[in-house]
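Protein chains: 2
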Amino acid sequence: MNQTPSVPDFDCYPVTRTLRSARIADGDVAVRWDDGSASILPSLWLREFSPDPGTIHPVTREQLIMLIDLPEDLRAADAEIRPDGRLRVTWQPEGLDSVYHPGWLWAHRPESPGDDALPPRRLWTRGEAPRVPLTTVDGAAVRDGDDAAFQAWLTAIHVDGLALIEKLPQDPSVVPDVPSRIGCLRNSNFGTVWEVESRPNADSNAYTSVALPVHNDLCTREYVPGLQFLFCLHNSCEGGDSIFVDAYAVAEQLRAESPQSFEILATVAAPFGTRNRDSDHRFCAPVLELGPAGEVSSVRYTWWLRNPMAGDTARIKAFYAAFMRFQRLANDPDNQRRLRLRPGDLAAFDNRRVLHGRTAFDTASGRRRLRGCYGEREELESRLRMAARAERQRLVEQAGPPAARAAS
Amino acid sequence: MNQTPSVPDFDCYPVTRTLRSARIADGDVAVRWDDGSASILPSLWLREFSPDPGTIHPVTREQLIMLIDLPEDLRAADAEIRPDGRLRVTWQPEGLDSVYHPGWLWAHRPESPGDDALPPRRLWTRGEAPRVPLTTVDGAAVRDGDDAAFQAWLTAIHVDGLALIEKLPQDPSVVPDVPSRIGCLRNSNFGTVWEVESRPNADSNAYTSVALPVHNDLCTREYVPGLQFLFCLHNSCEGGDSIFVDAYAVAEQLRAESPQSFEILATVAAPFGTRNRDSDHRFCAPVLELGPAGEVSSVRYTWWLRNPMAGDTARIKAFYAAFMRFQRLANDPDNQRRLRLRPGDLAAFDNRRVLHGRTAFDTASGRRRLRGCYGEREELESRLRMAARAERQRLVEQAGPPAARAAS
Chain F
1 MNQTPSVPDF DCYPVTRTLR SARIADGDVA VRWDDGSASI LPSLWLREFS
51 PDPGTIHPVT REQLIMLIDL PEDLRAADAE IRPDGRLRVT WQPEGLDSVY
101 HPGWLWAHRP ESPGDDALPP RRLWTRGEAP RVPLTTVDGA AVRDGDDAAF
151 QAWLTAIHVD GLALIEKLPQ DPSVVPDVPS RIGCLRNSNF GTVWEVESRP
201 NADSNAYTSV ALPVHNDLCT REYVPGLQFL FCLHNSCEGG DSIFVDAYAV
251 AEQLRAESPQ SFEILATVAA PFGTRNRDSD HRFCAPVLEL GPAGEVSSVR
301 YTWWLRNPMA GDTARIKAFY AAFMRFQRLA NDPDNQRRLR LRPGDLAAFD
351 NRRVLHGRTA FDTASGRRRL RGCYGEREEL ESRLRMAARA ERQRLVEQAG
401 PPAARAAS
Chain A
1 MNQTPSVPDF DCYPVTRTLR SARIADGDVA VRWDDGSASI LPSLWLREFS
51 PDPGTIHPVT REQLIMLIDL PEDLRAADAE IRPDGRLRVT WQPEGLDSVY
101 HPGWLWAHRP ESPGDDALPP RRLWTRGEAP RVPLTTVDGA AVRDGDDAAF
151 QAWLTAIHVD GLALIEKLPQ DPSVVPDVPS RIGCLRNSNF GTVWEVESRP
201 NADSNAYTSV ALPVHNDLCT REYVPGLQFL FCLHNSCEGG DSIFVDAYAV
251 AEQLRAESPQ SFEILATVAA PFGTRNRDSD HRFCAPVLEL GPAGEVSSVR
301 YTWWLRNPMA GDTARIKAFY AAFMRFQRLA NDPDNQRRLR LRPGDLAAFD
351 NRRVLHGRTA FDTASGRRRL RGCYGEREEL ESRLRMAARA ERQRLVEQAG
401 PPAARAAS
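Top line first, the protein sequences correspond to chains F and A. Each residue of the first sequence is one higher than the one before, counting from 1 in the working numbering. Each residue of the second sequence is one higher than the one before, counting from 1 in the working numbering.
Think of the hints as simulated: they come from the structure by calculation, not from any bench. None of the values given here were measured: they were computed from a predicted structure. It is possible that some hints are incorrect.
Chain copies aren't distinguished; within one or between two, either way the pair holds.
As the list claims (entries may be wrong) - Think about it this way: if two alpha-carbon atoms lie no more than 25 Å apart in a straight line, the pair counts; the simulated SDA-like pairs of lysine to any residue are:
1) K317 / D97
2) K317 / Q151
3) K167 / T16
4) K167 / L134
5) K317 / S112
6) K167 / R340
7) K317 / E257
8) K317 / E378
9) K317 / P110
10) K167 / A314
11) K317 / R126
12) K167 / E252
13) K317 / F49
14) K317 / A202
15) K167 / G36
16) K167 / N331
17) K167 / P93
18) K167 / A256
19) K167 / P71
20) K317 / E252
21) K317 / P51
All chains, full assembly: derive it from the sequences and hints.
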């Protein structure tokens, strides 16, 4: 038996379940856990993640061998639970021994429910949306490096789609500095950081003082930015209140009211196009994108950047009818959360879920200046997973190595 | 009849077809063109793009009214071809007259084949891939602002998935300067610009000197960057040759060889995850993404960032078998274009189509230093459309206003 050293996994996994038995079944490994549940670990699946330095690079922790480099007749020939609680598997014809940590195996077993670092989303309810409670974090706490406050803000952006930091210094550097603490920002032809202020010869309705009914930004791109940050520097004009709508909730209302309209918006590709003088971005995709469980995962609704649709007349008419149903719901005051941003407020929202808009404002009555940027949902999710990883690490350090528990 | 002024479209459209007749049909507008073809222009479709300043903002050229703001009983009440060749439609009960440019109408009619600014892609052929001709543009021409040379490079990246600029100055500023001329770059936790050189304590296999079989980058992200740029500053080591593979061609070979394997890779979500110490990006999606016509539109194949798959045993095994078929084809020398980058060479490739890799290199024998960045396919496409727009503009200026042609 070759005793290959185990490469420490870059992540730590607490031993919440211990292995009770292991046997070979059709060349795969069948294990049983101490809660009575069983896992079949397919041979290639298990072999690919063998934590030995010939399979996983000890420093980068990435796979070093391709699956096609393995013997064609690869099979698990022997399996046992070691006294320290780890699973040892002997591979033939390689003669390699692989040793797996029970915490890692439990977390990654094929029956695992998957990524549990992200809490479920909480949709706004029609009628209650105007008063939906918003997490508002104190800017002083964020400035002073209070991790819990920052984490509460991140979690609320994920769960509710919208969260605020208030009383930040009225300093333009807040954007990009605070959003950059989540992860890298998204650049566009508007620049990484942009300002929303009424200006002459505007290249977008946003840069005028007209009312902007709710919408989301950059729907002319294949990948609509997942996060948007708006920092208020001045807001002394008459008008210019912010409006937010949970488009996931609106889409669910549409699904209940007219399943056929929902289906059309989830399947018929709608064309969008920019109106810029120096770029020409276009993208054609359904207004609603669905995730693996049929849940709405992304909304594309910059309605003033819609381009003429191609296709047959009946399909176009059905799309218009469905789109207008959605538009009516999105503009129903019962679905709208109004908010007046104060100087020092930083609003963050999921740009693929929460639509935003504003009432018209009068530039003669004061000044309205917002500073914004885009980020990615996946950077937020990475931060939430890092927090979960730190918590796992704490549990592991508390519990000691797996043997301590296996022997107990 | 209200005579509303027409807002000039931000784009110019040459009058390649003239309108012969227009009539009302079921509240929509039915027109006939001078080539005998007919178009039905659905009322809401036509009304939404009325080029009057109440519908389209004269400066931003974006829609100002929501569809739900239109009368519920909106209908086209009258339509005629004006002497200048434009289509006039009267809307009731609004009493609004809308006037449409025939070039715009022809380009956007529902029967239009759509965006014609992007030439078709040209897949590499198995067996011929090792010698596939690559567009190679002279660096001096690009430096001197030769638009045609730059445009040839862009077109080749789109069509062939890979194109070079050679003999650029060995100056690190080439990246990001040259790629930035296409559009904004894509940031990541590696930074907007990164260097590939063997280094201790690497956070990625790329930063070692091991061989890297072909792969693409950032598959742990929801949106895999569409473009990658690699600029060679030093390449004097033994080894370190570049390898490129057209994964669209490989996927088509798989489809022909095993339709079932192709189907599995196009439908079964495969988990990917980074191995970083300070971030935790994960994404789960099929290896092959298909476009509206069933063509492969994106490939996700950073095989060394694969995470353990969940699900039932049979599905996992079927996935492994399909993935290994794809991997065998991607590693078939008959599909691989080898290339030794020379200092001053800038390679650009479609990171969601063309896989890249390298042979191992010996750091004792010299130095290998590449400088790279990511961009987006849509920025490239925007540039190609801008070139098409300039060409349309030229045709329009040559031809004069539509009346000139309508009267001829």
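Of the numbered hints stated earlier in the document, which are not met by this structure? When the structure is compared with the hints, numbers 2, 3, 8, 10, 11, 12, 14, 15, 16, 17, 18, 19 turn out to be violated.
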